[in-house]
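Q: Please model the complete structure; the sequences and the hints are all you need to start from.
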Amino acid sequence: MDSEGSLKIVLCTLLSYLFFRGYNPPHPPLDEKHRDRRVKGLLTSARHQHAGAFIAYMQLALGIAEISLIIAKTYPSSRFSSIARTVFLFDHGDPTRLMLSNAHLAGGLMIILGGAIRVWAMNTLGTLFRFQIGIQEGHKLITTGPYRIVRHPSYLGVHLTHVGYIFWHLTPGSWIRESGIMSSTAGMVGVWVYTIWLAVMVITVTVTRMMQEDEMVKRSFGKEWDEWAARVRPRYQYIQLVLGLAEISLIITKTYPSSHFATLARSLFLFQSGDPSKMRLSTTQTIGGILITIGGLLRVWAMHTLGKLFSFQVGIQDEHKLVTKGPYRIVRHPSYMGMQLTHVGYLMWHLTRGSWVRESGVMTGAVGKTVVGLYVIFVVSAAYIITIGRMRQEDRMMQQQFGKAWEQWAARVRYRVMPGIY
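Under our numbering, the first residue of the sequence shown carries the number 33, and numbering increases by one thereafter.
Read the hints as simulated data drawn from the structure, not as lab findings. Don't take each hint at face value.
Cross-link-like lysine to aspartate or glutamate pairs, in silico, EDC-like; alpha carbons within 20 Å at most [stated by the list, open to error]: (1) LYS255 - GLU245; (2) LYS357 - GLU426; (3) LYS255 - GLU426; (4) LYS340 - GLU351; (5) LYS105 - ASP34; (6) LYS340 - GLU426; (7) LYS436 - GLU426; (8) LYS250 - ASP307; (9) LYS340 - ASP350; (10) LYS255 - ASP350; (11) LYS172 - ASP258; (12) LYS340 - ASP427; (13) LYS105 - ASP126; (14) LYS250 - ASP350; (15) LYS353 - ASP427; (16) LYS436 - ASP307; (17) LYS353 - GLU426; (18) LYS340 - GLU256; (19) LYS250 - GLU351; (20) LYS172 - GLU259; (21) LYS401 - ASP307; (22) LYS105 - ASP123; (23) LYS250 - GLU426; (24) LYS357 - ASP427; (25) LYS286 - ASP307; (26) LYS255 - GLU351; (27) LYS357 - GLU439; (28) LYS172 - GLU256; (29) LYS353 - GLU245; (30) LYS172 - ASP123; (31) LYS340 - ASP258.
Label-pair distances were calculated between CB atoms; the ranges are [to be verified]: (32) VAL411 - SER110: 45 to 51 Å; (33) ALA85 - SER215: 49 to 55 Å; (34) LEU329 - PHE303: 49 to 55 Å; (35) THR175 - SER35: 40 to 46 Å; (36) THR175 - GLN425: 20 to 26 Å; (37) THR316 - ARG263: 29 to 35 Å.
Note that CB positions come from ideal geometry on N, CA and C, so glycine has one too.
A: And the structure:
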């Protein structure tokens with residue numbers, strides 16, 4: 033067996049183990065008295081409880097198929113090879129094409145990294161890690177290990193794992209691409225239905241669970257959680273800073289093509305087939321920029337109107353009061369209105385002709401298109417799920433706190449984020 037085949041078997045075994053470990057509960061389920069009864073629907077359904085095991089066993093089956101055909105390729109005359117080809121090879125399949133392409137290797141390493149982070153989080157929590165949402169007896173707030181970096185490291189691991197999963201299984205050299213399973217219409221449909229289901233389920237479940245867990249842990253630990261959450265905050269804004277830096281750098285490169293800066297910028301921010309001379313301000317991109325500006329200003333206006341009452345965490349502060357002035361005379365959640373406008377503009381700014389994403393060459397290959405596509409799905413899904421969920425949560429909380437005053441204000445300001453629409 034050649035070194036590439038051996039390495040692929042090692043990678044396949046390791047990532048399948050981490051996948052299996054991360055998607056099977058390490059401890060018995062919580063009994064009913066310890067579960068959070070506020071969590072309903074998707075997160076408590078039997079389908080959700082068994083989805084993780086299904087995904088783990090699916091990866092195990094795919095791993096067995098891949099390893100079997102690598103062995104069959106190495107020992108083509110053996111009886112094992114005959115059985116493996118019968119079970120795992122379809123029309124037009126060719127096991128000799130099973131190889132470690134760059135994208136395939138990157139996907140495998142990403143699965144291993146994501147799986148290792150998830151296992152690290154599981155080990156750090158110990159018996160506190162459960163697949164059910166709830167507070168156990170003797171529960172304590174864990175802020176060590178990966179929880180010093182992000183509040184939900186196990187979900188960071190899940191997202192890395194699933195991006196890698198797509199690279200590992202859908203790029204040239206993988207079993208799915210080379211076994212012939214996608215040569216038929218049924219196989220093609222089956223693969224893409226499973227891939228889309230997996231992406232939607234992972235994003236929906238993880239984003240929803242993060243919100244539910246934050247609310248539950250904050251309710252249980254109060255100020256201790258607030259202090260930890262203030263230290264370990266989201267860093268989404270840095271993605272836009274990087275994209276902005278890339279775009280500005282290539283615009284300068286286009287203006288001063290012979291400078292040392294241009295050489296450095298091209299090496300960092302320009303990919304194969306990229307052309308900075310195509311970067312221009314199209315009509316659609318201009319509209320996107322205007323929407324980002326309006327949305328950002330509206331959000332900042334809401335933040336300044338609330339003052340110290342504005343927080344990234346949902347809760348009632350000491351001496352909290354109902355604010356009904358400024359943008360709160362127009363809609364009940366103007367900061368989320370600003371966020372939604374910003375995200376619509378964000379997609380228009382970055383995905384249209386003339387933008388860095390379109391002209392840098394990052395979307396030339398399947399890997400770049402996949403990364404951009406997944407990021408867009410994440411941004412859209414997360415923005416929708418988080419804002420809708422938080423608006424309802426905040427409305428309930430404010431109504432309980434301020435009673436008739438809130439109800440009178442809500443009667444005057446009927447719409448949550450968009451006047452005349454919602």
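Q: Just pull the numbers of the violated hints for me, sorted ascending.
A: Hint check: 8, 16, 29, 30, 33, 34, 37 fail, others pass.
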